[in-house]
Amino acid sequence: KNQVEQSPQSLIILEGKNCTLQCNYTVSPFSNLRWYKQDTGRGPVSLTIMTFSENTKSNGRYTATLDADTKQSSLHITASQLSDSASYICVVTLPNDYKLSFGAGTTVTVRA
Amino acid sequence: GAVVSQHPSWVICKSGTSVKIECRSLDFQATTMFWYRQFPKQSLMLMATSNEGSKATYEQGVEKDKFLINHASLTLSTLTVTSAHPEDSSFYICSAFLGGGDQPQHFGDGTRLSIL
Chain A
737 KNQVEQSPQS LIILEGKNCT LQCNYTVSPF SNLRWYKQDT GRGPVSLTIM TFSENTKSNG
797 RYTATLDADT KQSSLHITAS QLSDSASYIC VVTLPNDYKL SFGAGTTVTV RA
Chain B
918 GAVVSQHPSW VICKSGTSVK IECRSLDFQA TTMFWYRQFP KQSLMLMATS NEGSKATYEQ
978 GVEKDKFLIN HASLTLSTLT VTSAHPEDSS FYICSAFLGG GDQPQHFGDG TRLSIL
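The listed protein sequences correspond, in order, to chains A and B. Under my numbering, think of the first position of the first sequence as 737, with each following residue one higher. Under my numbering, think of the first position of the second sequence as 918, with each following residue one higher.
Some clues are possibly wrong.
Reference listing, derived: stretches of chain A covered by chain B, where coverage requires no fewer than 3 residues with Cβ under 8 Å from a Cβ of chain B [to be verified]: (1) 781–790; (2) 836–846.
Distance condition first, Cα-Cα at most 16 Å in a straight line; then the derived EDC-like pairs of lysine to aspartate or glutamate [claimed, not checked]: (3) Lys937/B - Asp1005/B; (4) Lys835/A - Glu976/B; (5) Lys807/A - Glu790/A; (6) Lys981/B - Asp1005/B; (7) Lys958/B - Asp775/A; (8) Lys983/B - Asp1005/B; (9) Lys972/B - Asp982/B; (10) Lys931/B - Glu1004/B; (11) Lys958/B - Glu741/A.
Derived DEER-like restraints, expressed as beta-carbon distance ranges [claimed, not checked]: (12) Gln808/A - Leu1033/B: 42 to 50 Å; (13) Asp982/B - Glu751/A: 46 to 54 Å; (14) Thr845/A - Arg1029/B: 17 to 25 Å; (15) Ser1031/B - Ala848/A: 26 to 34 Å.
It should be emphasised that the hints constitute simulated quantities derived from the structure, not laboratory data. The structure displayed is predicted, hence computed values, not measured ones. Glycine residues also receive a C-beta, built at the ideal position from the N, C-alpha and C atoms.
Using the sequences and the accompanying hints, generate a full structural model.
Right, dumping it as structure tokens:
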């Protein structure tokens, strides 16, 4: 069973609207939790990073939250733009290790 | 920010040929580089971890004689898919790691490999 589960698998939103992506993980504790954005045919790019003790981190219109008690993280996209269309991947770094546990990603499609 | 260059970005070749993919960290020295494989709509799957000057560490189920990894310098790692077959067709992504708990892995833009 994957240690990082993401939902929904995909979603479609209209330009200008907000959306929230979910990530449930079983790795605990962990070194850090990141959200990556992966455009089609490109490599992932880091959006946010949170350590075990942090609750929220923002990067422009992207805001990530972390609830260590429920082992959940979310990524909120505000005022979506067409360029936000991509796959968003939740990634957990194992403690004392550099290896990453990847979620399968949520594919976001923003339509005009 | 840190840049990782991967080359080629797309390659199509006949079954049985060998294909080499390069991964370079352009503006930093990477203590460790990683090679991933990604099938459509799936997670990145770690294939191997490569440290400069030493043998790569392969994940379970990855054939080391099939996927040859060379990490000759702190800025260059190569992955050679030997005697490639159609089932090797995939998206291969490398990443470079500077070191340190909060440092991210910096990913290349991937190589789309299609074996005919």
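Outcome of the hint check:
| no. | hint | in the structure |
| --- | --- | --- |
| 1 | 781–790 | holds (count 4) |
| 2 | 836–846 | holds (count 6) |
| 3 | Lys937/B - Asp1005/B | holds, 13 Å |
| 4 | Lys835/A - Glu976/B | holds, 11 Å |
| 5 | Lys807/A - Glu790/A | holds, 12 Å |
| 6 | Lys981/B - Asp1005/B | holds, 14 Å |
| 7 | Lys958/B - Asp775/A | holds, 12 Å |
| 8 | Lys983/B - Asp1005/B | holds, 10 Å |
| 9 | Lys972/B - Asp982/B | holds, 12 Å |
| 10 | Lys931/B - Glu1004/B | holds, 12 Å |
| 11 | Lys958/B - Glu741/A | holds, 14 Å |
| 12 | Gln808/A - Leu1033/B: 42 to 50 Å | holds, 44 Å |
| 13 | Asp982/B - Glu751/A: 46 to 54 Å | holds, 50 Å |
| 14 | Thr845/A - Arg1029/B: 17 to 25 Å | holds, 21 Å |
| 15 | Ser1031/B - Ala848/A: 26 to 34 Å | holds, 32 Å |
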